[in-house]
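**Q** Produce the complete structure using the sequences and hints provided.
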Amino acid sequence: MANTQFEPLEAFQPSGGYKLMPFRFQRWPDGRAFLTNNAGEHLILTPDQFSQFVGGSLPPSSPPYMDLLARQMLRDSSGSWGEDVLASKWFTKKSFLDGFTKLHIFVTTLRCNQSCPYCQVSRQGEAADRGAFDMSPEVLDRSIRFMLAAPTDRVTMEFQGGEPLVRFDLLQEAVSRAKALNANIGKQIDFVLCTNLSILEDKHLDWCRDEGVIISTSLDGPQYLHDKNRPFGNGKPTHEAVTRNIRRAQEALGKHSVSALMTTTRASLKYPKEIVDEYLRMDMGSLFVRELNPYGFAIKSAGALAYSSDEFFAFYKQVLDYIIQINRDGRTFSESFASMVLTKALTPWTIGFVDLQSPAGAGFGVCVYNYEGDVYVSDEARMLAESGDPTFRLGSVLEDSYDDIFFGETMQTLAASACSESLPGCSDCAYQPFCGADPVRNYRTQGDPFGIRPAPGSFCRRNKQVIEHLMRLVDGADDDLRRILWAWVNRDDVQRLKLPD
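Be aware that the sequence shown starts at -11, since it is given in this note's numbering, and climbs by one per residue.
Have a look at the derived ranges for each label pair, beta carbon to beta carbon:
#  : residue 1 : residue 2 : range
1  : S83       : P210      : 38 to 44 Å
2  : D391      : E126      : 19 to 25 Å
3  : L257      : K82       : 33 to 39 Å
4  : L169      : K258      : 45 to 51 Å
5  : R470      : K258      : 30 to 36 Å
6  : P35       : E199      : 57 to 63 Å
7  : M54       : A255      : 47 to 53 Å
8  : D463      : S39       : 17 to 23 Å
9  : D392      : F79       : 27 to 33 Å
10 : Q176      : K243      : 21 to 27 Å
11 : E126      : R470      : 51 to 57 Å
12 : D198      : A58       : 46 to 52 Å
13 : L386      : S83       : 30 to 36 Å
No farther apart than 35 Å at their CA atoms in a straight line, the calculated lysine-lysine pairs in the DSBU-like style are these:
#  : residue 1 : residue 2
14 : K77       : K7
15 : K258      : K243
16 : K216      : K261
Just so you know, the hints here were simulated from the structure itself, not pulled from any lab data.
Where is the CB? At the ideal position from N, CA and C, for every residue including glycine.
**A** Take a look at the structure:
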């Protein structure tokens, strides 16, 4: 074979007095270029500025030159803003990897008293055999020991189901056992109870308060929407019970200890303002506009519940515009997904939300201990297994060691498709630093953990639409909107936050 001649690296650098550092860009409809690098630094250049920049003719005296230098998108002979600074920023952005898996989800029972048509869980009726669908003491003990073996000084122990309060005794035993085993280890354990709140009793609230357990629940909107999405198992409405018990939990535990999620169905698309108003009525501090997930019962109901990425994005914009107006009128209320994206884009810091992480949160940031002892890289992976596909099963706490589970073949395979920096369609995307990877969803929807981007209805398409919209909002923000967005990032009061002159 003939010798292949390669051009030297210098051939790909501008001929001017500076050199390009790695960056990505996206042309916006007005012709401007939105640039980012791996650390999430970003900048917008006019068409002429961008042409000069990549051509090596951008004058050092021009306004964007120092911005590009400070954001490590070019380097020059000054040597003051080079690779070491970029590496330090990137290290900070990836600090969520320090300590490995921090969120540990315990599925203590599959039994549930509701029959939500979009539920991604393969639930069982409340009267089902507890021996067949509830976590045994042995599995509970082994799972807690795995959690405490994680190489981090802080873990979150989250209880899911089914409906965990169906087996309140198991919750009590779990927290008591975790604290006892941790006595000589010294980790900080945060406890989260994911519950539909429909069967809440005073004893549950007393226990949560005494043990430091916070509550996460579901509220899909006003009565007519919530009851359509989340009925009891017998078909009766749940909204009145849930909202009453949210109030009780807020009074007993404090508003900061009670949060809620909404799931967007086709029926939700008609009520963007009404959903926000319901959260305001319940004195919640934020709303997380969450799309429908393609797992469990949601697959069977997709025809009646699903929508396109474009329909979801149109709904999201309506919600966001209304929330922004609420803040302009003086009340602090945020949209959680926007807050997390803005934190990644506007600050040096990382976030804990596993869906916006690369490497993917699945396995690296979260794991699930199922009621029968099997361990999965995420709750979505567990749903695949419940549907007959155990591709992302890591092992069993009853049969495998910690190393076998978290460093075995499944995790090695997952890692290959978990880094968006190296995935086709992600590696050159300008919004990659603010997004994440989701190999489990790619596998479920496209049959391949690497996925194709941006396929219709994909995680990628949804995120790209929302992130670009948020970046364009930041770019065009007036002083009032800038104050609002920074209040969301800082979790501050929009009335109190003052921006620098």
